Amino acid sequence: ATAASAPSQLAAAPHSSASSPSPSSADAPAPAAPVSSPSAGAVNATDRGVAFPEHAITQWRLPSRNGKLPSYVERMFRLKTLSLVCSQLVAVISMMAAIEVSGFGDEWGTTMSSVALLSCIAVCIAALVMLTCWKDVYPVNYALLAAVTVFSGFAWGVGGRLLPAHMHFQVMGIIVGTVLVATIVMAAWAATLRPTSSRLVFGSIVAGWTVAAAVDAIVAPSCGIGQDDVAISIFVAMGHFIVFAWEAGPFLVECNPDAFMSVVVAMDASLLVVVAVPFVWAVGIGLLVTCCLSSSAREEEQGGAAEA
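Just so you know, we're using my numbering here: the sequence shown kicks off at 420 and counts up by one.
The reader is advised that the hints may include incorrect statements.
[Said to hold, decoys possible] Across the chosen pairs, the derived CB separations fall in these ranges: (1) Thr611 <-> Met549: 37 to 43 Å; (2) Ser538 <-> Gly622: 23 to 29 Å; (3) Gly622 <-> Val520: 35 to 41 Å.
I should point out that these hints are in silico values taken from the structure, not numbers from a laboratory. It should be emphasised that the depicted structure is a prediction, and the values quoted were computed from it without experimental measurement. In this text, a Cβ means the ideal position worked out from N, Cα and C, and glycines have one as well.
Use the sequences and the hints to build the structure in full.
Here it is as structure tokens:
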């Protein structure tokens, strides 16, 4: 028993000595308490020469300037927004191709096609107004977005037949190519060179339009389309992106998450402008010609009656 208790006595000896400190140990200064890091488990990079762990606050998570969002938040906002816009444009051009291949509305004629186009434009305007009012209400906003996409595809598919040389396919192809290239350029440019937001947004749109216009200028003549029609399509697409940059550019620069649907509404509105403006001009010119012909016929009748 004495031999068995000896080790326990020896093990308890240090604890007993620590509980009754010696005079020399009482005068010694107490060790400094460890300083807690801003985040639990963070490593001092200046002392150890290593990076912060995953749960520590690093510089890339912070905004670049006061009043701005972090760079990764802005990058994801632009990528998500332009991806949705590109998906919508692909759906629109797919509907156009389906209408063209199926021959839907071939027997309508110019008058019936004009009435259908005007009806689609009116429905699109109503849906856009409702989408603007309820753009933050889920899932109503996505249901209205689907309605706008369907009627936009129908309007472009039916109304484009009034244009020569498949010009509506050229314009929509340039628009789709521009958004696709701009999304890729914007993501790559922001990850490497980190330019200012305005230069990033507008520079990517210009680069996308340049690439898409160059492709159309090469491919369209090989399909038998004249240079004049190609030039008109390129400049119509350029006008579309001028309107889009003016409406949606500030939202893509600021990257406010609450303005996500506003970029999509701006794209839909600019698409509607491209469709509606030629139709309005055509109707206006037709009414003007009709009025002039009526006035000439009336003058001729009056002149004949005076001679009689």
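Against the structure, the hints come out as follows:
{"no.": "1", "hint": "Thr611 <-> Met549: 37 to 43 Å", "in the structure": "holds, 41 Å"}
{"no.": "2", "hint": "Ser538 <-> Gly622: 23 to 29 Å", "in the structure": "violated, 39 Å"}
{"no.": "3", "hint": "Gly622 <-> Val520: 35 to 41 Å", "in the structure": "holds, 37 Å"}
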